[in-house]
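Got two chains here, separate frames each, mind docking them using the hints?
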Amino acid sequence: GEDVEQSLFLSVREGDSSVINCTYTDSSSTYLYWYKQEPGAGLQLLTYIFSNMDMKQDQRLTVLLNKKDKHLSLRIADTQTGDSAIYFCAVTSGTYKYIFGTGTRLKVLA
Amino acid sequence: NAGVMQNPRHLVRRRGQEARLRCSPMKGHSHVYWYRQLPEEGLKFMVYLQKENIIDESGMPKERFSAEFPKEGPSILRIQQVVRGDSAAYFCASSPSDNTGSKDGYTFGSGTRLTVV
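Protein chains in written order, with the working numbering: chain A, 205 to 314; chain B, 255 to 371.
Here chain B stands alone, though its shape is the one from the complex (with noise of 0.2 Å):
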C-alpha cells in the first residue's frame, strides 16, 4: 500500500511561470489537504478538498493559486505567475474521512520543493 505520492520532488520554475504540484493520496483516502513550509518556519494549512470538491481554502492565497481534486487522477495544486516568494515546500497529506481529533493523524507526502528563480 503505497503512501502519498507526491511529484516532483523538486521543482523550479523562472518567475511568471506555472507551478502544477501533483499529490496522489493513499489508497482508499478520499480527503486531500495542501500545506506549505517556508524556509525555517512550520507548515501552515492551505486547503482541504474532497473528491471534486474545495471543503476549506482558508489558508490559499487569494490570487493566483488553484487547487483541485478531481473524480479521476491525483489533487493538483496549481501556482500561476510565481514569483520569489512563493518558493517552499508544499506537503499534500490524506486520510479516509475527516481526521477531526483522530490519533492516527495525517499521512505526509515527501512534499515538492518549489524553487523560484
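Just chain A, same shape as in the assembly (with noise of 0.2 Å):
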C-alpha cells in the first residue's frame, strides 16, 4: 500500500529557514498537502501543491515536488518560534483516503 516517510525531528535557529522533506510510493494523488499541528490541536492545512506543478510559493512557504524521485519538501523561510510545531506530508492516493506521513516535529530555538 501507500506509505509516506518523514524524518521524526528538526531543529532550527530562529530566522534561519527550515527544511521539512517527504517521500512517498504512490503517485496518483493529485493533490499533496502539508498540515501543521500545534501541541492539543487538530490539523490545520498549511498548503498544498497540484501534482503537476514542481514548486509553489506562498509567503513564507516554498512547496517543492519532484515527481521522479517521488519527494516533496517544504521549506520555511525565516523561521520564527511560532512555527514550532508537528508537520505531516499527506497524499491521497486518487481517493478520499487521506495518507500521512509520521509527521515532522519542527523546533525553533531563540
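A hint or two may mislead.
With a straight-line cut-off of 27 Å between C-alpha atoms, the simulated DSSO-like cross-links for lysine-lysine are [claimed, not checked]:
hint, chain 1, residue 1, chain 2, residue 2
1, B, Lys305, A, Lys272
2, A, Lys271, B, Lys298
3, B, Lys298, A, Lys274
4, B, Lys298, A, Lys311
Selected chain B positions facing chain A (in silico; Cβ < 7 Å) [said to hold, decoys possible]:
hint, residue
5, Glu295
6, Phe299
7, Lys357
8, Gly363
Think of the hints as simulated: they come from the structure by calculation, not from any bench.
Ideal Cβ positions, reconstructed from N, Cα and C, are used throughout, including at glycine.
So, in C-alpha cells, the structure goes:
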C-alpha cells in the first residue's frame, strides 16, 4: 500500500530556513498537502501543491515537488518560534483517504 | 461558521468501559471521516460516513469499534470494552463532497484524546 515517510525531528535557529522532507510511494495523488499540528490541537492545512507543478510559493512557504523521485519538501523562510509544531505531509492515492506521514517535529531555537 | 466540533476534548476511561466520541461537521458538510493518531505516529484513516451511511470502514478494527452518522445529530465513534492500546487522539474531518482530489483538503476538528487507564 501507499507509504509516506518523513524524518522525525528538525531543529533550527530563529531566523534560519527550515526544510522538511517527505517521500511517498504512490504517485496518483492529484494534490499533495502539508498540515501543521500545534500541541494539543487539530491539523491545520498549511499549503498544498497540484501534482503537475514543480514549485509553489506562498509567503514564507515554498513547496517543491519532484515527481520523478517522489519527493516533496516544505521550506519555511525566516523561521519563527511560532512555527514550532509537527508538520505532516499527506497524499490521497486518488481517493478520499488521506495517507499521512509520521510527522516532523520542528523545534525553533530562540 | 463554526469549524468541525469534537467533544469531549479529553476522555479517560478504565479498561472495559465504553468510549463515545462525538463529531459535528462544519455547516453544510455531509461527509465525515474519522482518523486515529497513535502516539508518535501520523494519522490513520478509520472510517468514512455520509448521513445514515457508512461508505468505507476499511480502517476500523474488526471488533469493538463502530461509527454512525445519523440523519440528525453528530457523528459518533464508539469503542466498546476499551483497552490500553486504544489510547490515542481521534480526529474527525468533514467535507462538502467526497473531497477526492480537492485542493482544499479536509477541515479537521481539534480531536478527542482518549486515555485508557
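Holds or violated: Lys298(B) with Lys311(A), Cα cutoff 27 Å?
-> Given that 27 Å is the threshold and the Cα spacing comes to 24 Å, the pair holds.
With a cut-off of 27 Å on the C-alpha distance, tell me whether Lys298(B) and Lys274(A) pass.
-> Measuring from Cα to Cα gives roughly 21 Å; hence the hint holds.
Under the criterion that the straight-line Cα-Cα distance not exceed 27 Å, is the pair Lys271(A), Lys298(B) satisfied?
-> Status holds; Cα separation ~24 Å.
Report holds or violated for the interface hint on Gly363(B), using the least CB-CB distance to chain A and a cut-off of 7 Å.
-> Interface hint status for Gly363(B): holds (5 Å vs cutoff 7 Å).
Hey, does the Phe299(B) contact hint survive, CB to chain A under 7 Å?
-> Status holds, d = 5 Å.
Pair hint outcome, Lys305(B) versus Lys272(A) [Cα-Cα no greater than 27 Å] = violated (40 Å)
So, Lys357(B) near chain A? Judge it on the closest CB pair being under 7 Å.
-> Holds: closest Cβ of chain A sits about 5 Å from Lys357(B), inside 7 Å.
With chain A as the partner, please determine if Glu295(B) meets the hint condition of a C-beta pair closer than 7 Å.
-> Hint holds; Glu295(B) Cβ to chain A Cβ min 6 Å, cut 7 Å.
Figure legend: structure checked against the earlier numbered hints; the only hint not met is number 1.
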